[in-house]
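Those protein sequences? They're chains A and B, same order as listed. First residue of the first sequence: 1, per the numbering used here; consecutive thereafter. First residue of the second sequence: 1, per the numbering used here; consecutive thereafter.
The hints are simulated quantities; they were obtained by calculation from the structure and are not laboratory data. Treat the numbers as computed from the prediction; the structure is a model and nothing was measured. Hints are not guaranteed to be accurate.
Stretch-level coverage of chain A by chain B, calculated; a stretch enters the list once three of its residues show a Cβ under 8 Å from a Cβ in chain B [as the list claims (entries may be wrong)]:
#1 35-43
#2 225-231
#3 492-502
#4 639-648
Quick list of simulated restraints, FRET-style, between CB atoms [to be verified]:
#5 280/B x 492/A: 21 to 29 Å
#6 679/A x 382/B: 20 to 28 Å
#7 382/B x 439/A: 47 to 55 Å
#8 84/B x 243/A: 39 to 47 Å
#9 161/A x 84/B: 29 to 37 Å
#10 177/A x 84/B: 51 to 59 Å
#11 330/B x 581/A: 55 to 63 Å
#12 631/A x 41/B: 17 to 25 Å
Note that beta-carbon positions come from the ideal geometry of N, C-alpha and C, so glycine has one too.
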Amino acid sequence: MKASTDTPSTFAEIDSSKETMQFTSGRRTFLGLSLQDAIRYFFGGNATVAIIILVLICGFLLHEGFGFFPEHHRELKRYRMAGLEYVALIDDEVRLHSQAMGQLRQAFYQEINADSVEQQAVVAAYGAVKRHVASEVESLSERVDSFASQGEDLEFQIDLKRSAVDAKKAVDEPVPPVMEKDLEAGENALAGVDERITKAKNLYINGVRETIDRIEMSDVEDVPHISDSAWDSVVRGVGDALIDGEKPVFIAALEDVIEERREAARLVHADFEKTINDLNAAIRPGKKLWSELRKDATEIKAEAVAEATAPERKAALIGFAEASDDSAEKAKRMAEAEAVVIAKVDYAERTKPFYASVAAHAEISKQLQRDVAAALRALPEKATEKQADKGLQTARQHLVDYVPFLEKQHQRIADWRHDKRYSLGRSMMAFIVGTEWITNSSWQDFYGLLPLFIGSLLIAVVAIVVSMPLAVGAAIYVNQLARRSEQNAIKPIIEFIGAIPSVVLGFFGILVLGTTLRAVSQVEWLSWVPGFPMAERLNILTAGLLLAFMAIPTIFTLAEDAINNVPAAFSEGSLALGASKLQTVLGVVVPTALSGIVAAILLGFGRIIGETMVVLLVAGNKIAIPDFTKGLGVLTQPAHTMTGIIAQELGEVDAGSLHWRALFMVGLVLFLISLLINFLAQRLIKRFQAI
Amino acid sequence: MNQESSDNNPFVASTSRRSKIDATVQVGFCAITYFIVLCAVVVFADITIKGAPVVFPKIFGHGGPVVNTDLFTKDPETLVVFEDADADKIAMGFGEFTEYKAENPSAVVNNEHTYAFSAGGVRGPILGTIFLITICIVVALFIGIATAVYLSEYSSKGRAVDGIRLAILNLAGVPSIVFGLFGLMFFCFFVPVITQTPIDRPGFEVPPIPLPFGYFISFQGWGTCMLAGGFTLAAMILPVIITASEESLKAVPMGFREASLALGATKWQTIHKSVLPYAYPGILTASVLGITRVAGETAPIMFTAAVALRDELPWQGLDGSGLGAVFDFLGQSVQALPYHIYTVASKIPQTEYTEPMQYAAVFIFMLLVMALAGLSVWLRVRARAKLKW
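Based on the provided sequences and hints, a complete structural model is requested.
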């Protein structure tokens with residue numbers, strides 16, 4: 001780009017000066033165009049293709065995007081008119097309640113189990129190992145079963161035959177020789193079956209033994225940590241149990257101990273349990289109200305949808321009728337079209353149950369508030385077990401917040417009007433800062449960008465934080481510090497990374513990186529790292545690391561260019577003043593090239609945020625805003641991205657539907673982000689060139 | 001050199017300490033660089049170690065042919081894994097399995113599992129990728145070189161040229177999935193075609209324009225087909241090719257042009273005879289490198305060209321003859337290697353039975369991409385040897 005300004009202009013000057021020359025006599029013209037002009041316009045026309053493509057991208061995205069907003073607005077308006085919004089308000093109350101209940105229950109069971117944690121760990125380990133071994137030898141046990149059942153069948157048949165022979169003998173009838181022979185053959189076959197059963201049993205026993213011999217704690221999933229001696233006895237116990245079919249004695253004894261201690265603890269915490277049960281009962285009337293109204297709301301929505309689509313259906317049927325040649329068919333279609341009634345939904349009438357329920361809700365809400373307050377008084381202040389106490393305090397806090405929430409929520413419910421204005425701006429905000437992306441729901445679809453945007457952003461931030469020091473460091477080393485031969489070897493290798501297709505990297509991420517990272521995260525002495533051990537193999541961190549690897553060549557090449565373009569006089573001057581090589585590099589060269597390096601990082605960021613295949617394969621594809629309360633542990637959660645959602649869902653939705661348009665809106669947002677990043681990077685590069 | 005002067009240089013604190021820090025930091029930079037190289041080697045080695053033995057079984061001591069030709073002559077197939085009477089695990093493709101059952105009706109088949117796309121070969125995907133790349137190269141080189149010629153030989157400074165350059169720059173940063181959306185809306189749903197039976201497609205609803213003889217110009221696009229995929233990829237790679245071509249054209253010395261013009265050649269003759277021939281090697285080198293990137297792209301062809309499975313090869317079952325057959329050929333959806341890898345990586349569980357085929361597909365894909373990269377290096381070497389001024 002840099003050299004582009006001076007050379008062509010000279011050539012163009014030659015070109016224009018040629019116009020005045022005298023050699024132009026033999027020109028043929030067509031439509032006022034000489035051949036030379038036509039060629040010129042042909043090339044010029046091709047040059048505009050880039051502009052045309054950019055304009056078309058804009059046009060298509062905007063066309064679909066602008067189609068999205070009015071339809072989305074209508075959809076959300078219907079959500080209010082049909083009373084779904086009202087029901088969702090009650091749903092919030094129920095949901096928050098059950099959240100607190102879940103925490104309380106968990107705390108309660110932790111408290112109950114506190115005395116028998118070790119025993120439970122051993123029993124759980126026993127279960128896990130048994131499942132693991134059983135699945136390893138599953139095929140063997142299936143074979144044993146099938147052999148055994150074949151044998152049983154045969155035995156039964158032979159018994160039948162034998163009793164038939166005996167019966168015949170008893171009535172002194174001669175037994176037909178065929179039957180005797182049959183019996184003999186059958187008994188031979190039975191002996192063969194016996195042999196096979198023994199063989200199969202040996203196979204099975206050997207399989208179990210082999211598996212038991214090589215099993216390690218790390219092989220088994222979800223195994224709690226227990227002492228080495230306990231582990232040994234668990235493994236041996238599993239072997240015996242699978243071979244003999246009996247539960248080992250020490251496991252049964254442990255189970256008895258656990259049961260006993262739990263019962264004892266249950267007695268101690270009887271009040272706690274009662275409070276939980278009371279609190280659980282307190283939400284029942286609210287739940288009942290919710291499920292009744294929910295039915296109403298769904299019905300109204302179905303009617304509203306029918307009303308909205310009826311004219312279209314009618315038109316389609318009439319169209320069919322007019323297109324068909326058969327008069328009977330025509331009449332039938334016409335009749336069908338006539339039958340489509342455009343029934344106007346009387347919202348005022350239909351939403352009456354909601355308004356009527358406000359009083360009932362007031363009652364329920366008051367009672368619930370009293371119950372929650374009572375539960376707060378009845379709940380123990382402190383739990384003895386540490387984890388349980390943590391859970392209990394969270395639940396208490398939840399309940400304390402819950403009371404004023406109920407108060408406010410009731411106010412919202414009382415204020416709710418089905419015909420309140422729903423502004424277009426609000427529906428736009430529902431897209432831009434909406435926290436839910438729910439599609440194909442029987443209740444209501446939501447298209448909120450935020451979970452996807454945050455997913456994309458988190459992954460991109462991880463990637464850029466990892467790749468920036470690596471790529472820039474490598475650029476500094478290769479350009480300034482490395483020997484010539486090193487330079488020539490390293491540069492092609494890093495550039496080669498750029499040629500690795502992203503889908504291949506995604507594949508590598510699933511098969512190798514994700515598994516390795518999870519295995520590393522389960523190492524015990526790394527458990528202080530936030531988010532470790534990882535629950536999911538595919539998550540933000542895995543995707544971020546892979547994208548960092550992908551972005552390295554982009555950032556490296558551009559940053560190296562920027563460093564390379566720093567005039568030699570700068571570093572020569574620095575060296576002449578007595579600075580060391582490193583001081584020169586870090587104090588003079590890099591600061592001079594800084595805006596170029598920042599532009600390189602920005603362009604790398606653009607590449608990362610627009611990358612599709614890696615995130616689609618490796619990010620875990622869970623559409624939810626990650627839980628930021630876990631600090632840096634947020635990075636080990638799965639997420640979904642803007643690029644990933646388009647790639648995943650566009651192929652499956654109807655063209656032209658609201659969902660389809662929502663995906664194009666996401667595309668538009670991506671496009672705008674890429675333009676913004678490009679714009680910023682160009683500004684920086686211009687500043688760099690001005691030096 | 002600076003250490004010597006440290007005695008009378010007030011800016012250097014302590015030579016030995018200074019140089020120690022210098023050395024440490026330098027080692028740090030070195031470590032960073034070699035860490036990146038190590039990562040690249042790990043990725044490459046993993047794919048080679050697990051993929052190469054499947055593609056070249058004999059070389060890696062697994063017996064069988066030197067090159068596993070099945071991979072290149074068969075299409076993806078379902079893999080059936082079962083146990084026979086002796087509890088031995090047997091894995092075979094679905095076709096083979098059907099034959100096996102027909103030949104041995106009494107054979108014991110226990111514990112049967114099936115894995116999609118895990119047997120056979122990747123002939124369809126390889127061919128599809130080659131067709132897509134070919135279309136992409138033809139289109140992108142044509143438009144890209146023409147644009148570069150305009151920018152470097154014809155244009156003078158002005159708004160239009162600034163606009164073109166800005167568009168090229170911005171186009172280079174557009175995410176690939178957005179190109180996918182664009183390709184879907186434009187090439188699949190909008191591009192005008194001449195047909196007797198116009199179809200309605202979503203997007204801009206432009207009514208068909210009637211022509212004589214019952215034909216229409218219908219804005220219905222090409223549908224999901226390799227032509228649409230190739231054009232989408234071409235649109236995506238255009239900025240790279242334009243930039244590369246322009247630089248190659250700039251590298252041709254001004255004297256060539258001046259001499260040609262001075263001898264009375266027209267502008268077009270000059271470009272045609274004394275500029276382009278010397279720029280072609282550079283253009284090709286850079287373009288092939290750019291196309292390497294596009295060959296690996298999956299997102300733009302997901303909706304525009306690719307399908308997971310096809311029974312027929314692209315040239316089988318064509319309608320019509322002559323030109324009609326050509327259009328019918330181009331108007332088909334194809335399997336493509338990157339899309340195939342995406343499908344197997346995301347939809348099929350990774351087990352010891354599915355991994356060999358998956359790694360083989362990835363390895364072949366990497367070979368293909370590297371062959372393109374190697375081609376560009378070879379072109380560069382040849383061009384340097386041949387052209388010197």
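Against the structure, the hints:
1. Coverage of the segment 35-43 of chain A by chain B holds in this model, with 6 residues showing a Cβ closer than 8 Å to a Cβ of that chain against a need of three.
2. Under a criterion of three residues with beta carbons nearer than 8 Å to beta carbons of chain B, the stated coverage of the segment 225-231 of chain A fails, only 0 such residues being counted.
3. Beta-carbon proximity to chain B at under 8 Å applies to 9 residues in the segment 492-502 of chain A; the threshold of 3 is reached and the given coverage holds.
4. With 3 residues bearing a CB less than 8 Å from a CB of chain B, the segment 639-648 of chain A meets the requirement of three and the coverage assertion stands.
5. Restraint check, residue 280/B to residue 492/A: a C-beta distance of roughly 23 Å satisfies the suggested window 21 to 29 Å.
6. For the pair residue 679/A and residue 382/B, the supplied restraint of 20 to 28 Å is violated, since their beta-carbon distance comes to about 40 Å.
7. At roughly 54 Å, the beta carbons of residue 382/B and residue 439/A sit within the given window of 47 to 55 Å.
8. For residue 84/B and residue 243/A, the Cβ-Cβ distance of about 25 Å falls outside the hinted range of 39 to 47 Å, so the restraint is violated.
9. Taken as a hint, the range 29 to 37 Å holds for the pair residue 161/A and residue 84/B, whose Cβ atoms sit roughly 31 Å apart.
10. The supplied range of 51 to 59 Å is broken by residue 177/A and residue 84/B, whose beta-carbon atoms lie about 37 Å from each other.
11. A C-beta distance of roughly 59 Å is found between residue 330/B and residue 581/A, which places it inside the suggested range of 55 to 63 Å.
12. Between residue 631/A and residue 41/B the beta carbon distance is about 34 Å. The supplied range of 17 to 25 Å is therefore violated.
Of the numbered hints listed earlier, those contradicted by the structure are 2, 6, 8, 10, 12.
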